[in-house]
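Chemist: Use the sequences and the hints to build the structure in full.
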Amino acid sequence: MFDFKDLFWALSLRDYRVRYAQTILGFAWALIQPLFTLLIFIVVFEKAAKIETGPYPYAIFALSGLTVWSFFSYVLSQSGSSIIASQDMIKKIYFPRIIIPLSKSIVGVIDFSITMFFLLLLMLYYNQPLSYSIISFPLAIILLVITSLGIGIWFSALSIRFRDFQHVIPFVVQIGLYISPVAYPASLIIDNVPNWMDFMYYLNPMAGTIDLFRYSILNSPINENYIMISAAIALVLFSTSLVYFLKTEKSMADYV
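Using this note's numbering, the first residue of the sequence shown is number 31, and each one after it goes up by one.
In case anyone wonders, no lab produced these hints; they're calculated from the structure. The structure displayed is predicted, hence computed values, not measured ones. Heads up, none of these hints are tricks.
Simulated restraints, written as ranges between beta carbons of each label pair:
1) W39 x T270: 20 to 30 Å
2) L69 x P200: 18 to 28 Å
3) W39 x L272: 15 to 25 Å
4) E279 x L160: 35 to 45 Å
5) A40 x I165: 34 to 44 Å
6) E279 x P85: 47 to 57 Å
7) I209 x P85: 23 to 33 Å
8) M227 x I172: 25 to 35 Å
Just so it is clear, CB atoms sit at the ideal spot from N, CA and C, and this is done for glycine as well.
Modeler: Here it is, written out as structure tokens:
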């Protein structure tokens, strides 16, 4: 795959140009969607539902979750349909097909960086300092990338033979936003369900990913055992997605 690194960057640059090059607002689009979602969260969850986030201003708390979720939803949506969208190229030339879904993460990193910068500005405005927990930030990013690509690669491989999975992706993104602790703390669920359901909740790898990211930025409380559950699921999804993708790679041109 290293021999095809130029193709990887070419595909990433193409996606960047498609997303930003001929737009009036440019990089601002990476911030507009999470910002409007944040405003909705503030009205619905903070003002109406009175969600408590402890010592952390709700705007920072919610945006930290949205920063992670925006990257996940973009990578999942783009990589999940990437093979079908690139079928003409797949039929004409040979190259490691895994490059296609992997390249989708680059533009996601750009969007993530822009939203992250705004999050840091918001923390500065609220006088919310970083703490020693920032050392876990790289682990949170690794877990986020593994989770996003693992699920995205699974969908990209499955959608080749089962086109219904293309319609499942928006459903997963929409439902996942509310069953993951993006707009509310995970403790809101954990404290109000039977103990055996705690394990079930963290089978959603994004639950542990968001918790770990919030801990690294805000030093919010976490349960290491729950994080390990989500991390284990993320690793299983990522490793099995690669195995299945590589197994079906040779026959992809026959199905697309």
